[in-house]
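Participant: Chains A and B supply the protein sequences, listed in that same order.
Here my numbering is used: the first residue of the first sequence is 20, the next is one more, and so on.
Here my numbering is used: the first residue of the second sequence is 20, the next is one more, and so on.
A couple of the hints might just be wrong.
[Unchecked claim] The calculated lysine-lysine pairs, modelled on BS3-like cross-linking and capped at a C-alpha distance of 27 Å, are:
(1) 667(A) / 644(B)
(2) 566(B) / 673(A)
(3) 644(B) / 613(A)
(4) 679(B) / 644(A)
(5) 51(A) / 66(A)
(6) 644(A) / 644(B)
(7) 390(B) / 51(A)
(8) 673(B) / 667(A)
(9) 130(B) / 667(A)
(10) 390(A) / 175(B)
(11) 613(A) / 613(B)
(12) 667(B) / 673(A)
(13) 599(B) / 644(A)
(14) 679(A) / 390(B)
(15) 679(A) / 298(B)
(16) 390(A) / 51(B)
(17) 667(B) / 613(A)
(18) 175(B) / 667(A)
(19) 679(B) / 599(A)
(20) 644(B) / 679(A)
(21) 566(A) / 679(B)
(22) 562(B) / 673(A)
(23) 566(A) / 673(B)
(24) 613(A) / 679(B)
(25) 566(A) / 116(B)
(26) 51(B) / 613(A)
(27) 175(A) / 644(B)
(28) 599(B) / 679(A)
(29) 667(A) / 613(B)
(30) 673(B) / 451(A)
(31) 679(A) / 175(B)
(32) 644(A) / 609(B)
(33) 390(B) / 175(A)
(34) 673(A) / 644(B)
(35) 562(A) / 599(B)
(36) 577(A) / 577(B)
(37) 644(A) / 577(B)
(38) 566(A) / 613(B)
No lab work stands behind these hints, which were simulated from the structure alone.
Just so we're clear, the structure is a prediction, and the values are computed from it rather than from any experiment.
2 protein chains.
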Amino acid sequence: MDIRGETALRNTGSFTSPKSLAVIGASNTPGKIGYALVMNLVESGYKGMIYPINPKEKEILGIPCFPSLADVPEDIETAIFCIPARKALDTAVECGKKGVKTLVVITAGFKEIGRAGAELEKEFMSICRQYGMRVLGPNVVGFIDTHTPINATFLKGFPPKGEIAFISQSGAILASILDWSISAGGIGYSKIYSLGNKADLSEVDFIAEAVDDPNTKVILCYIEDVTHGPEFLKVVAEATRKKPVIILKSGTSQSGALAASSHTGALAGSDLAYNTAFKRCGVLRVSSMSELFDLAISFVNQPVPRGDRVAIVTNSGGPGIIATDRVEAHGLQMARFSKETIEELRSYLPAEAGIYNPVDVLGDARADRFKFALGKVLQDESVDSVAVLLCPVAVTEPLETARVLIDYNRDFPDKTIVAAYMGGQALAEGTKLLSNSGIPCFPMPETAIAAIAGMSEYRRLIEQADTKQEAAYFKPDQKTVKAVFYDAHRDRRLALLGSEAAEVAEAYGIHAIPIILSQSPDEAAAIADEIGYPVVLKVASPKILHKTDVGGVVIDLKTPDDVRRAYVDIIENVHTYLPKVIPHGIEVQKMVPKGIELIAGMTRDVQFGPLIGFGLGGIFVNLIKDVSFRLAHGLTSSEIAEMISETKAYSLMKGFRGDKPVNIGAVSDIIYRLASLAVDFPEITEIDINPVFAYEHGAAALDVKITLS
Amino acid sequence: MDIRGETALRNTGSFTSPKSLAVIGASNTPGKIGYALVMNLVESGYKGMIYPINPKEKEILGIPCFPSLADVPEDIETAIFCIPARKALDTAVECGKKGVKTLVVITAGFKEIGRAGAELEKEFMSICRQYGMRVLGPNVVGFIDTHTPINATFLKGFPPKGEIAFISQSGAILASILDWSISAGGIGYSKIYSLGNKADLSEVDFIAEAVDDPNTKVILCYIEDVTHGPEFLKVVAEATRKKPVIILKSGTSQSGALAASSHTGALAGSDLAYNTAFKRCGVLRVSSMSELFDLAISFVNQPVPRGDRVAIVTNSGGPGIIATDRVEAHGLQMARFSKETIEELRSYLPAEAGIYNPVDVLGDARADRFKFALGKVLQDESVDSVAVLLCPVAVTEPLETARVLIDYNRDFPDKTIVAAYMGGQALAEGTKLLSNSGIPCFPMPETAIAAIAGMSEYRRLIEQADTKQEAAYFKPDQKTVKAVFYDAHRDRRLALLGSEAAEVAEAYGIHAIPIILSQSPDEAAAIADEIGYPVVLKVASPKILHKTDVGGVVIDLKTPDDVRRAYVDIIENVHTYLPKVIPHGIEVQKMVPKGIELIAGMTRDVQFGPLIGFGLGGIFVNLIKDVSFRLAHGLTSSEIAEMISETKAYSLMKGFRGDKPVNIGAVSDIIYRLASLAVDFPEITEIDINPVFAYEHGAAALDVKITLS
């Protein structure tokens, strides 16, 4: 965010339809990038002005060539760099002086090659920023807009016109996709962007542009990272309400290098932040290239299913069962037909046919039988989407059956229809007809169901976004928090003492059982006398994170003598285990009745800020790993309800095996206040409240750990 | 198993190469099954005798036709039924009289159409058994052997010769696969079988046949159920040691109809039995048709990787990262190259290239650079398999690069090589060359890695099978068990009392804390006096499975008076919650120190017999669901070690956060003895030992539940 002015932010203007273009480093030599670029611009039918720049040439592909930018008599909107990296800085200055608005830097040799390149990139961007120029790249293959039309890449081929915008951080993947789409036919694009090093413009800018683009229906991204977390969250959350955004984010195996000291941090990991952020903005995350395109084709051609109820019509039992398995595996439902539908199916179909769901029209079904069954199924109010499965058995009529589907697709515009034509040559014509007529046709039943599942997931994400409620406002006591942090800062302590952490929690309205620090056995006994028995004693030291493990906790102390003895025991235990640690003293806390043990915590992601975790607590928290996460920023009460219900802890909270349910509102409140604390104080790096005891009538924080940066 | 004689079992002889064949219901009318069959037999080049049978025809396709079987002058080995179901019984008798050995019953209208059909099938099989005839079907599309050659199906087309045996319970899927393989080219088959209703011959028979077939290298099955569990286990476990058996078993969503009363039963479910059984026999289970064939192609063409260490060579970063993610997701390892390899890569490749793993030869790599890098990587001892990823960027040479791979494939016969050529037209020739030259070539990086993962999984399964150790022999006291069961049987009780169950466990050497039944407060106190305090009291009633929930358990009783009071409390509690239940009395058990709470249990699957479950115990067992399963029959100590290590309980057992480890041997012993008990007494339907307390020096069963049938 450092490299761009506030005003230019997110405004890429008519990026893919510049009025005039300079190709700096244009060439007359086939095989050179500067040649391929001019050729592609011409062949794509680009209607703006093209100015090839090369001091050694008079004209390139019949277009007059200029020795330098300064020699071009007209304004230049966009300049494409096909020059070596060493010329980049001077050329950028020339562009700036000429008043160029956007640079497309094909040139490689920047950040991607190491430190020297990174330095160059920094200098380069500093010049661009000075002149207010926006930059795509460096290290990109360019961009395409089939509607402008313009092909500003050096790749071979121009894809068919279509409604998919594709944004790729990898140029090679873009090349693959392009080659594949042109060969496969039927898959068209509106815009294609190569992001390269993302020194300035990133996926955020182009998602924003694609959302406003009337020619785009679905937005696909391949990315390896997000570099502007807060903007990404804002822009993409708005985008997904209008159009599906499907992202393949790779690099899931790069486990976070950060060594986390809290339970919550250890459970989170770097990829989880992306999952959480994508979920927040309604992004569909896929894990393979095939999913990316199967979903894109489905969204472009079919309505998003109104609900999760899937019907299957098949001419064979086996694929019907496979599809039913997948419906259940994806968390969708098999539609339950109305009595009328079942009766009508029974009356017409052969006795051996399957008349419930899946509907098995049998191997000897011709198109007419598909027509009858499918018509009845589509009319049924309980059906949101239909998968038609066809195997090439004896008398199958794949082409005629395709025509039946196409008619119904027109007659039932609000029902989602996909097909699986399972076979090769015998079904090729039918498959092609379906694909060209707006019915996604897959080779396998599992893929057809996956497409319905992905679309349904999008609907669910958007519905959740629509029903999000803001949590209740409350006024925290920030002064107390600041005072505590001041003390810690002054003492150069990063981990707060238990008593301090409890105070901070209380300041944010999280009911924490008070913890009082004592410096001697007698003081501990006196405190216990005052707060009442039984009490628990815990060693106070920021250096000991797991106190139980070093004999630093003694519970259920009922008399002053018990307390005195325990004080001494703890000091001795700690000395045995950790001879170098000098405790700050011993904390005294009143014992409270055992509730359901939960954990609520916070860890911080470098891109997306604080993540709030919630789940089953206690000492086994790392073993059971029952923790769900959400972004702290803008956390709504609906999201809190969701995150609670995702955990196994929820089963306990609702009342497990006859127990009374606990006060879920009180737990939600703790989660919300924890999020507020994390957002208000960026200097907090990690929080663990473990356990939170949840009771029938409330909840309390027993042990709060807070670490500062 | 009821329908076949012991001697004929598993011996299908030369099923796919009969010396002579009758087609009963042969026809001269194109479109009829009886026509298609004769046509296919002739066109496939079948060299045995073909006898069309039809009273109305003189000859069919130039082959003399006979009015009936009896009119055929020679012996007939196999008869193919293309007649209506109503003629099946009489025709079977004719076949029997003629001495036909095997029947291929294309005819439908049997079990698959409901009760009447099932009756017909039973009668039909009874005739066949009487004459000692083996039956494929009914309701099949037939079989194919490309090496015999013979096409005894009514499907269109004959697949290319190859080394894949395909066994399908669904005829339609078979038709799809056939059509697809013929169109796609490059995928050949040795044998293809349609199983239909499996009235006699099943996947077990043909897996056995395919294993012995020198033309078959890999065995694929699509099945919906296994109907002969014990035989399946025996035959398939032997088969997988020789050849990979890959199964797509559908019907995973059909949750077991059996209402389980035990924890173990509730956690198991019907599909788990299949998973457990497949694991036992080394079957690779896949969940989609695409996986089935991707793996088949890989096994046919490439050696099974010697280990899990994968190298990736790519001309683009993005696909490299995607592949790396998948390597980790599949539990494989990224190979760590030797110093020499890294140095050599560094010395030759451009500075920006990735020289660790993945090796990124960069977008401007021609075939020579792939050749250099791939050569170094393949030479490295730390590399077991290589995935080569290629995107069609500027100067890529897909065809030349393919030739490089093919050369290396010959030079490094013990290393597994797969490719992902990501694109369309630009890569088509290269893709085809690779596929035809024994290098599986996929369109996406994720599929290439999945292929390596599947092959590695096979290696792991086989290695495990090879290292299986028998558990130690022990001599149980069966007499005591029988005596207990006799009492329960006489009282018509299906659930044993706690005291009885503990006795049964002890008889099998499972140390159970004794439980003594008392009938009055005073008797309970007297027992407690004898066994020593503290004690726990539990209500004794086979009708109460979760005693804690009804106030039926009071713990930590330290005096005779405590015991008397608790006795009365429990009786009152039970009366309040379950007024109709009259307890058998109250059980008294000595309290023992709390150990790690585990569960060991048994549930029974109708096909595969008893399943043993083990995991985290306690009252949250159903919430945490940390239970792993194995088949009880033939359970080895290696399998027990595996099942323990799969659970989260294992982390606790090894010593969690500084605790001392528990005696894992003692726990293993309980699991083994439990399995023996389940195998020895089929009348036990379910066992739950929950909790098992595991200690540093042993383990004890606290609460044993046993249910009889």
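Participant: Indicate, hint by hint, whether the structure satisfies it.
Facilitator: We went through each hint and held it up to the structure:
no.: 1; hint: 667(A) / 644(B); verdict: holds, 10 Å
no.: 2; hint: 566(B) / 673(A); verdict: holds, 20 Å
no.: 3; hint: 644(B) / 613(A); verdict: holds, 23 Å
no.: 4; hint: 679(B) / 644(A); verdict: holds, 22 Å
no.: 5; hint: 51(A) / 66(A); verdict: holds, 23 Å
no.: 6; hint: 644(A) / 644(B); verdict: holds, 12 Å
no.: 7; hint: 390(B) / 51(A); verdict: holds, 24 Å
no.: 8; hint: 673(B) / 667(A); verdict: holds, 24 Å
no.: 9; hint: 130(B) / 667(A); verdict: violated, 44 Å
no.: 10; hint: 390(A) / 175(B); verdict: holds, 25 Å
no.: 11; hint: 613(A) / 613(B); verdict: holds, 18 Å
no.: 12; hint: 667(B) / 673(A); verdict: holds, 24 Å
no.: 13; hint: 599(B) / 644(A); verdict: violated, 42 Å
no.: 14; hint: 679(A) / 390(B); verdict: violated, 69 Å
no.: 15; hint: 679(A) / 298(B); verdict: violated, 41 Å
no.: 16; hint: 390(A) / 51(B); verdict: holds, 24 Å
no.: 17; hint: 667(B) / 613(A); verdict: holds, 24 Å
no.: 18; hint: 175(B) / 667(A); verdict: violated, 53 Å
no.: 19; hint: 679(B) / 599(A); verdict: holds, 24 Å
no.: 20; hint: 644(B) / 679(A); verdict: holds, 22 Å
no.: 21; hint: 566(A) / 679(B); verdict: holds, 17 Å
no.: 22; hint: 562(B) / 673(A); verdict: holds, 26 Å
no.: 23; hint: 566(A) / 673(B); verdict: holds, 20 Å
no.: 24; hint: 613(A) / 679(B); verdict: holds, 26 Å
no.: 25; hint: 566(A) / 116(B); verdict: violated, 85 Å
no.: 26; hint: 51(B) / 613(A); verdict: violated, 76 Å
no.: 27; hint: 175(A) / 644(B); verdict: violated, 54 Å
no.: 28; hint: 599(B) / 679(A); verdict: holds, 24 Å
no.: 29; hint: 667(A) / 613(B); verdict: holds, 24 Å
no.: 30; hint: 673(B) / 451(A); verdict: violated, 59 Å
no.: 31; hint: 679(A) / 175(B); verdict: violated, 65 Å
no.: 32; hint: 644(A) / 609(B); verdict: violated, 34 Å
no.: 33; hint: 390(B) / 175(A); verdict: holds, 25 Å
no.: 34; hint: 673(A) / 644(B); verdict: holds, 18 Å
no.: 35; hint: 562(A) / 599(B); verdict: violated, 59 Å
no.: 36; hint: 577(A) / 577(B); verdict: holds, 20 Å
no.: 37; hint: 644(A) / 577(B); verdict: violated, 38 Å
no.: 38; hint: 566(A) / 613(B); verdict: holds, 21 Å
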